[in-house]
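Participant: With chain E's structure known, arrange chain V on it following the hints.
Top line first, the protein sequences correspond to chains E and V. Take the first sequence: its letter number 188 is residue 188 in my numbering, and every next letter is one higher. Take the second sequence: its letter number 62 is residue 62 in my numbering, and every next letter is one higher.
Honestly, the hints are just simulated from the structure, not real lab data. Be aware that a few hints might be false.
[To be verified] SDA-like, lysine to any residue: derived pairs with alpha carbons at most 25 Å apart:
| id | chain 1 | residue 1 | chain 2 | residue 2 |
| --- | --- | --- | --- | --- |
| 1 | V | LYS114 | E | PHE291 |
| 2 | V | LYS19 | E | LEU231 |
| 3 | E | LYS241 | V | GLN273 |
| 4 | V | LYS19 | E | ILE202 |
| 5 | E | LYS152 | V | ILE45 |
| 6 | V | LYS114 | E | ILE286 |
| 7 | E | LYS153 | V | LYS19 |
| 8 | E | LYS153 | V | ILE46 |
| 9 | E | LYS152 | V | VAL42 |
| 10 | E | LYS152 | V | LYS19 |
| 11 | E | LYS153 | V | GLY49 |
| 12 | E | LYS153 | V | PHE275 |
| 13 | V | LYS114 | E | ALA290 |
| 14 | V | LYS114 | E | ARG125 |
| 15 | V | LYS214 | E | LEU36 |
| 16 | E | LYS205 | V | VAL31 |
| 17 | E | LYS152 | V | PRO64 |
| 18 | E | LYS152 | V | LYS214 |
| 19 | V | LYS114 | E | LEU280 |
| 20 | E | LYS241 | V | LEU61 |
| 21 | E | LYS152 | V | ALA63 |
| 22 | E | LYS153 | V | TRP50 |
| 23 | V | LYS19 | E | ARG125 |
| 24 | V | LYS19 | E | GLY201 |
| 25 | E | LYS205 | V | ALA34 |
| 26 | E | LYS153 | V | ASN60 |
| 27 | E | LYS153 | V | PRO64 |
| 28 | E | LYS153 | V | ALA41 |
| 29 | E | LYS153 | V | PHE274 |
| 30 | E | LYS152 | V | ALA65 |
| 31 | E | LYS152 | E | ALA38 |
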Amino acid sequence: MSVQPAVSVPERFPRLPDAQPSPRRARLPFSAWHLLLAPVAAIMLVPLVWMVIVSLETRQQATSFPPQLIPSSIHLGNYSAAWNAVPFGQFFVNSLIYSLATVAGNLLFCSLAAYAFARIRFFGREVLFVVLLATLMVPFQVILIPTFLIVKKLGLVDTLGGLIMPNLCSAFGIFMLRQFFRTLPIELEEAARIDGTSRLGILFKIVLPLSLPALATLGIIQFMWSWNDFLWPLIIIDSQKHAPLQLGLSQLQGAHFTQWNLLMAGTVMSQIPMLAVFLLAQRWFIRSVAFTGIK
Amino acid sequence: MSAHSATGIAVHRRPSLLKRLVASDHLAGWVFVAPAVILIAVFAIIPIGWSLLLSLQANNLIAPAHYVGLANYRALTKDAAFRSAIGHTVVYTVIFVPVSVAGALALAVALNRKIRGIRFYRLAVFVPLVTSTVATGIIFLWLLDPTFGLVNYVLHLVGIPQQQFLQDPNQALYCIVAMTVWSWLGFDVIIYLAALQGIPGDLLEASEMDGAGKWSTFRSIVLPLLGPATLFIVVWSTINALQLFDEIYVTTRGGPLESTTVIVYYLYQQAFQFFNGGYGAAIAYVLFVAILIVTLLQLWVGRRRVYYTS
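So that you can see chain E by itself, here it is in the shape it has in the complex (with noise of 0.2 Å):
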């Protein structure tokens, strides 16, 4: 929020002539930038709102010309073809389990390192540090081919470990904890070392606690990542049984392009979730994003 000043001068002070409302100016009973604002939200929601008519639309209201912008009668059978026609629940457990694991990995992983070169003094940690942040330059493509022979090697080609384990932890997440746990006051530390606790005691029970709202962003981050990640899974994963949601989604679209009804209520239902998080969780989110952009 801007820092308003305590007292307001410009509204007291002597104005200069070109304050004085020029009478050929119109007024309009409603601030101009409705004028931008309205038109540019309507552009944003029609995508989405549209999804939902169609989803809600038979074949035949769907593919229809002039397009039914209303439908004449609503059809949830949609959902239940659509959730039939792939094993949408086990998609959805997929990437349950693809997101919460990786969440988990990194607030762990990253927690542990970050606190490591944050506070510890041990032998190549900058050396150590600027290794792992180069990582940060490379473009996921770089890796994607090594990696999927390295995971081919591990024997776990299309199984949810494949998936999951070279996303457990990021050097991004080390550096944003790292940066974060440094601002916080070292005494509390200190004192505890003084009263024998361990290093992973001080860990654990002061420097979390205080991180919370760190730990929020890059778990919101990763889960945000995860959810709607495509191309690795695309590469690792190869049976509907192990498939996260958008890649189950993508498979749906190939079997079924001119269902399109039926696509778009699976298309509904694979944003829900991510939607009702954000919807809830409105500030945290943009938070979140905010922060990627400050550092």
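Facilitator: Okay, now just chain V, sitting in the frame of chain E:
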């Protein structure tokens, strides 16, 4: 160091090397970073080196590979399909980045005020951000359907003839731009909004008291203060634009007539459909170097142009 104390007694009292190591911060530090280091080494650092090695091999990802030197890179210079993939990627990036940055700036300025319904407007702009790339692709395929699509219907209402959109080689790439601007705009707006809200209000008031109009205040105060945010958004969007893949895979699969085959889609085809692993790795390295050069160039220009307050 106690070992060099004058009496020398301390030397005998020193615990064994092992004990000292266990108690030292060195070991503690390495134990704490070990899981992260192992994971990042196995799934990032080793693959980076391996990828370079792969790019010097003929490798079908199944049979043993053999070394071919720079043959893959030489082949790339003669590969017309790769050249046109670069062309499509450049065209896409050169349109996508300025459009989304300018659009986000205008929107953020509009959204940074207290008018009625502002929460609704913000929500509308942010919601596409949580829509997955696959869902976005499916939704836009239907919106832009030549026969039944909503967009053609709207054009029909204003008297514009039916368009082929994603099925027209001359339009498909621009449709992809529109689609990705829709889905990424919210991200840029959030960052601009955060930056706008960091501008001290008294600075703007001082400017207005000096008689500066709204527009000149914006141009000479707000815009320079948004410099770091703009630089970040430009760099970030460029990197993302050069790596475009998901939306292409879902909507056009590189078509029609290869008109939307971008670099990463070509890489995917080579490595995972034609099983030219070495060739794919070479494409990846070319992309990597290109991204690195473009990013450094942008940061270098940015450093000379962008004004940092702190």
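Participant: Would you mind marking each hint as holding or not holding in the structure?
Facilitator: Quick rundown of the hints versus the structure:
no., hint, verdict
1, LYS114(V) - PHE291(E), "holds (23 Å)"
2, LYS19(V) - LEU231(E), "violated (48 Å)"
3, LYS241(E) - GLN273(V), "holds (22 Å)"
4, LYS19(V) - ILE202(E), "holds (22 Å)"
5, LYS152(E) - ILE45(V), "holds (17 Å)"
6, LYS114(V) - ILE286(E), "holds (18 Å)"
7, LYS153(E) - LYS19(V), "violated (38 Å)"
8, LYS153(E) - ILE46(V), "holds (14 Å)"
9, LYS152(E) - VAL42(V), "holds (13 Å)"
10, LYS152(E) - LYS19(V), "violated (40 Å)"
11, LYS153(E) - GLY49(V), "holds (17 Å)"
12, LYS153(E) - PHE275(V), "holds (17 Å)"
13, LYS114(V) - ALA290(E), "holds (20 Å)"
14, LYS114(V) - ARG125(E), "violated (48 Å)"
15, LYS214(V) - LEU36(E), "holds (17 Å)"
16, LYS205(E) - VAL31(V), "holds (19 Å)"
17, LYS152(E) - PRO64(V), "holds (14 Å)"
18, LYS152(E) - LYS214(V), "violated (60 Å)"
19, LYS114(V) - LEU280(E), "holds (22 Å)"
20, LYS241(E) - LEU61(V), "holds (24 Å)"
21, LYS152(E) - ALA63(V), "holds (13 Å)"
22, LYS153(E) - TRP50(V), "holds (14 Å)"
23, LYS19(V) - ARG125(E), "holds (21 Å)"
24, LYS19(V) - GLY201(E), "holds (21 Å)"
25, LYS205(E) - ALA34(V), "holds (21 Å)"
26, LYS153(E) - ASN60(V), "holds (15 Å)"
27, LYS153(E) - PRO64(V), "holds (13 Å)"
28, LYS153(E) - ALA41(V), "holds (16 Å)"
29, LYS153(E) - PHE274(V), "holds (21 Å)"
30, LYS152(E) - ALA65(V), "holds (15 Å)"
31, LYS152(E) - ALA38(E), "violated (51 Å)"
Checked against the numbered hints given earlier, the structure breaks hints 2, 7, 10, 14, 18, 31 and satisfies all the rest.
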